[in-house]
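Engineer: Sequence:
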Amino acid sequence: MRQRLERIFRAGVAAVAPDKALLRHVRREGDTLLVNGEVWPLPERGRVLVIGAGKGAAPLAQALEGVLGGRIGEGAVIVKYGHGMALDRIRLFEASHPVPDAAGQAATAELLALARQAGAEDLVICLFTGGASALTPAPVAGVTLKDMRTLTESLLACGASIGEINAFRKHLSAFGGGQLARAASPARVLCFLVSDVIGDDLGVIASGPTAPDASTFGDCLRLVERYGLTARLPEAALRVLREGAAGRLAETPKADDPLFDRVRNVLVAANGQALAAAAAEARALGFRVCVRPEPYAGEARDCAVRLLDEALALAGATTGAEPLCYLAGGECTVSLRGAGRGGRNQEMALAASLHLRECPAGERVTALFAGTDGTDGPTDAAGGFADAHVPDGMAEAAREALDNNDSYAALERAGALLRTGPTLTNVMDLAIMCVRSQTGSA
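Counting from 1, one number per residue, gives the positions in the sequence shown under full-length UniProt numbering.
Keep in mind that the hints were calculated from the coordinates and are not lab data. Hints are not guaranteed to be accurate.
Using C-beta positions, here's what the derived DEER-type ranges look like [what the hints assert, rightly or not]:
hint	residue 1	residue 2	range
1	Arg45	Asp257	37 to 43 Å
2	Ala313	Tyr81	41 to 47 Å
3	Arg419	Glu38	37 to 43 Å
4	Trp40	Arg283	34 to 40 Å
5	Arg27	Arg306	41 to 47 Å
6	Ala317	Ala141	56 to 62 Å
7	Asp309	Val35	42 to 48 Å
8	Glu363	Glu38	50 to 56 Å
9	Arg71	Ala317	52 to 58 Å
10	Leu314	Arg239	47 to 53 Å
11	Ser335	Arg248	30 to 36 Å
12	Arg242	Gly30	24 to 30 Å
13	Asp88	Ala397	47 to 53 Å
Note that this is a predicted model, so its numbers are computed, not measured. No residue lacks a Cβ here, since even glycine has one placed at the ideal position from N, Cα and C.
Work out the full structure, taking the sequences as your base and the hints as a guide.
Structural biologist: Rendered as structure tokens:
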């Protein structure tokens, strides 16, 4: 059964490969780009500049080079360490993710410098995927990279969502929240994005470098209060947020800013496409398929239990010899309570195994929880498998591992980790739950 689940997962990931996704939306006819049928003339006297970042920015850049070739005047993209590939005309930088480092800061300065070179006759093409926010640190005056690291670590530890984390990044950095578009103005800006956020909000993907920002300094301060972070955040960061909320610092550009009249954002891949491809593969393997209509979110261990209960309820409400495959997409968070190692998908898998062990029909279920980027937390695993077969002698150790956020070690001992290596894409996570029929088929 695990092999079938992995096939379903890999089919979903393949459907959102950034290079193929870009080429589904863009083609060139002479000196014109056609973007979903919309005509974008290439500059007659100006240049084409390329700026990008994210775990999948390299294949996007490679695909764009294939389309534009020598029409690219200059370009630069930032990827996570180990996610690079050969490019001809676009420079490639590697940096740390999810915690920003000095390499990312230096590379982001190069991207901003390139954007500021752009004039009214130039076309700036941007390429962003999941991971771009952490890869493009550009701390504002008075805030250091160490401050940004501390901020990111504190927000991750308290279970803040990616949208909430990005609100801080936009207001403590010179890159996100429409500020890249501001730097490139008055050039035309065409941005292609692979979404790794619930709802595919253009202002949240990659912290919205070319999109209007709906968040404010005041929103960030309210989040500080909600999560009790006043004593944990760097004083310099708090000072900037307070100055901004008092109106003494310029806000990020909003939707009514005329600079966005010359900006177009195009979504080329998202979680829904991965789910559709995974569903098609599951049907080909003989499963009855049900796709959860809404993305899942919340605390990882709670999400796992909720999804499994939904799968079992669906299986119990239908008849037939075919096994059920229940598919869901989304992204959970983990509130750190211990000092172990793991990720949100591994935490879901471990919690799921313990839950299935207690369910009357749990022995009929096998599940896989995995990140489409191939990396779950600071580990070499994409996620993990879950079933009810946790021996009595290991159950207590598994519970202790869950309490210590040490899901990686527990799943490794059980041989239940999924390792795919970097997939060079990122459209959040997939949960694949298969329930065998009561007759035991599949």
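Engineer: Which of the listed hints are broken here?
Structural biologist: Hints 1 and 12 are the ones this structure does not satisfy, whereas the remaining hints hold.
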